[in-house]
Amino acid sequence: MRAVSDSLVIMKRQLLQLTRVPEVLIFNTIQPVMFVLLFRYVFAGLGTGIKGGYVQLLMPGIFVQTVTFTLAATAQGMAQDMEKGLIDRFRSLPISRAAVVTGRTLGDGLLNIVVIAVMGTAGYIVGWRPTSGLLKIALGFLMLLLFGYALSWAGIFAGLVAKDARVVANISFLFTFPLTFLSNAFASTTSMPKALQYFAEWNPVSTMVAAVRQLFGFQNIFGATKNSFPSQHPIQTSLLYMVLIMAIFVPLSVQRYKNTNK
Amino acid sequence: MKSIVAENLVKSYGKGDREVKALDHLSLEVEEGTVLSILGPNGAGKTTTVRVLATLLKPDSGRATVGGIDVINNPKAVREIIGLSGQYAAVDETLTGWDNLVMFGRLYHLSSQAANARASELLEQFSLTDAAKRPIKTFSGGMRRRLDLAASLIIRPKVLFLDEPTTGLDPRGRMEMWKVIEKLVDEGVTLLLTTQYLEEADQLADEIAVIDRGKVIARGTSDELKTQVGGERLELVVAESDLAAARAIADRVGNTHSSVDAGLRKISTPVSTGGDALVALVRELDLAKIHPLDIALKRPSLDDVFMSLTGHAAEEIKEESEKIVKSKKGGRS
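As you go down the protein sequences, you meet chains A and B in turn.
Numbering of the first sequence is given in this note's numbering, commencing with residue 64 and proceeding in unit increments.
Numbering of the second sequence is given in this note's numbering, commencing with residue 28 and proceeding in unit increments.
Isolated chain B, as found in the complex:
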């Protein structure tokens, strides 16, 4: 059963020349109990998608259902089954972690007793019991995000939306968040997660939808996307004096034309025979008495995926679209 369905969502801001299409006929589906990661740079439409699906924003056109319920016509029923956490859905920073969870519990119409019990349970589950009586202001970034996530789990939602759950966290905080999220997924929640970290999508998602300028431009499992971009390649770093000779060998092994980054002294060769090609390359280099500084068989990274799908690196668009977003007076993607 499809837990989340979006069909042809359109949402634009501004008018005329300055019109920005945040969503441009975006469609996606998420099977119940699975994780879909929406991957894209800032301004691609990730947050707008989540805001529409979480009933915060009405699209200009298109339709969407969450848990089989129409998001546009019956938002209240949708709110009963979803949890939302992320960049923007927040908690009250002057209150303690405990205060916040109890308050949100009450707003989910739990009895005062049940709200208290649920708050303790969640604090325990997210290793926040010690900090429970401190104002959120004093929390570390990672703790704050965990509490934010806890607040979205009060009613044990069927569908969870996490909007860039680890943006701005340090590596340790990110690992902790990932652990928590993986556990939730094991317990069977349907998760839609947005991220601009390719690694994060790779780690957490069953399926990835790459979006760019408000459109899904590719979707599939991480492996499928990588295959779509093309096969593996050999990467070889050698001393400067060996560069030309090594390149000739690489060209021969790959039976193709290698690209060379002279500055990094790196040779990159597309290959189709995987491990065999690597063995062949090593053997030939050895015969030619060239000592590689680094040698590897690489599968394309999701960065490569993005590059090949959009024709520009994720970083480039990021700046471009941030400008667009800023020009519409502080709006968000």
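So that you can see chain A by itself, here it is in the shape it has in the complex:
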């Protein structure tokens, strides 16, 4: 029980940070909103023939891209705490070894709720209209948050290992940025070279985008990979990926936190 309340104290710390340094929240939301507006108008031509226009395909893509970047944000925050010595202080306190890392993932998860709400509003303003019904839409958002949460654990591990905030933020970004573009997030994969199409089809970002599109009521466009398992069952595949990521990184991160010894 204490482990839970300790985690909540750490989570609350991040919320407090947002009120003390509101710029963080503003910059965290400006970028995705800017992406929504840019892509919506620059790539509007990609949407010819889609009911409701390109924005219907775009929004799930941008949602997934944004939550994918949680990995870098968490890694950076964790590495910063390491650098500053805050982790040493936490480790000298009589609290559960899982509390600090869990608290950080919960805090970043909460931040995602805010960011997604703002993006959704921006999307609605420029014409995004999910058509599937409330329950499915809610499930879509829930999947987005869970995906971000799972990746956050990978970020914890990266941050604990790297120790240098700027380096780990850059590396995580170099890793996640291509991942979000070598996918179906912004354009259908049909125009990619064959090999890339296969990569894109199994890319967790793609399965997430496909899953969320489905839950929001839009059909994905598939090329060569039309009949593959991930394109047939994007929701199940995505959930599987999340379980896999957490199964790997939760124990690794807690272990690493315990044995952090510089």
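A portion of the hints provided could be inaccurate.
When the alpha-carbon atoms are kept at most 30 Å apart in a straight line, the in silico DSS-like pairs for lysine-lysine are as follows [to be verified]:
(1) LYS226/A - LYS147/A
(2) LYS29/B - LYS48/B
(3) LYS147/A - LYS293/B
(4) LYS103/B - LYS226/A
(5) LYS316/B - LYS253/B
(6) LYS316/B - LYS321/A
(7) LYS85/B - LYS147/A
Just so you have them, the derived chain A footprint on chain B, three or more residues with Cβ under 8 Å [stated by the list, open to error]:
(8) 60-71
(9) 118-124
(10) 290-301
Just so you know, the hints here were simulated from the structure itself, not pulled from any lab data.
Glycine included, each C-beta is placed from N, C-alpha and C at the ideal position.
Given chain A's structure and the hints, the job is docking chain B onto it.
Just chain B now, with coordinates in the frame of chain A:
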């Protein structure tokens, strides 16, 4: 009763030729309610010692207890009775002083009400009430250290570890820190303090352990260490033209061979008769009509202690060991 005991602690980093022994069979004890200062240059193993005792780091071998509790087998119970502050244990700089103290209070499992009350109390005690609602980022170095120290006192720890509490502070900040620490000691906390400032150890500690390359190479009270190094000496500065004559007099008074620093025009003579020797020297100089620019009877400083114990000045090792520390990719002492 022994409040802190460390026996044969060993901790090394790296392998083979590049192996660095941060702790090399280090042993020490601190009596309850007393202050032990670990004195040594950077890289001597001060921080590593504190990290082991504060449960942050597992030693390769050896054992340690804090408040009678085994550090390695029962770290959680140790964390309930210790406070840690210093170079590296830090606070959240984006939050206010108040936010930080309340957060740490909650993490020590105080009720929300008790955490608030304790935060106000500590802010008051450390003269930080006015700054309480400002982010730590805006604090001066001295204020930041005081807040850091306050955060380690939330549960009124029985044993307090302060790792170089005044490193990087200006003289005023250092004096303020010393005052705060002295007060804590008066209240009965057992304190283990690391420092590279000899003056600081002299000022705050009941006992000093000098460490070098992961080993305790001497321990005792400040006076004992000074005695161990040898007796007093006369130091005399004269005009250049008087140097040779003054040296002859000093040699006679000390009945020994004086050392001379020609550049500083300083003559240094070991003596065994203390004040009498000084009086004799003054008298002889007066008779010879030599006017001393400066004259003093000096007891050895802790710098001298270090020099005589290790065979090199503290500064020299500092650079050397910093290189070692850096070569193991940013590790700490």
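Hints, one by one, checked against the model:
Between LYS226/A and LYS147/A, the direct Cα distance comes to roughly 10 Å. Compliance with the 30 Å bound is thereby established for this hinted pair. For the given pair, LYS29/B sits about 26 Å from LYS48/B by alpha-carbon distance, which is consistent with the 30 Å threshold. The hinted pair formed by LYS147/A and LYS293/B fails the criterion: a straight-line CA distance of about 46 Å is larger than 30 Å. The hinted pair formed by LYS103/B and LYS226/A meets the criterion: a straight-line CA distance of about 25 Å does not exceed 30 Å.
At most 30 Å may separate the alpha-carbon atoms for a hinted pair to count; LYS316/B and LYS253/B exceed this at roughly 34 Å. Distance hint between LYS316/B and LYS321/A is unfulfilled; the C-alpha atoms sit about 72 Å from each other, more than 30 Å. Under the criterion of a C-alpha separation no larger than 30 Å, the hint pairing LYS85/B with LYS147/A is consistent with the structure, at around 21 Å. Check on the region 60-71 of chain B: 0 of its residues sit with their Cβ under 8 Å from a Cβ of chain A, so the three-residue criterion for coverage is violated.
Evaluation of the coverage hint for the region 118-124 of chain B: fulfilled, as 6 residues show C-beta separations to chain A shorter than 8 Å, against a requirement of three. Interface restraint, the region 290-301 of chain B with chain A: violated (0 residues with C-beta to C-beta distance below 8 Å; minimum three).
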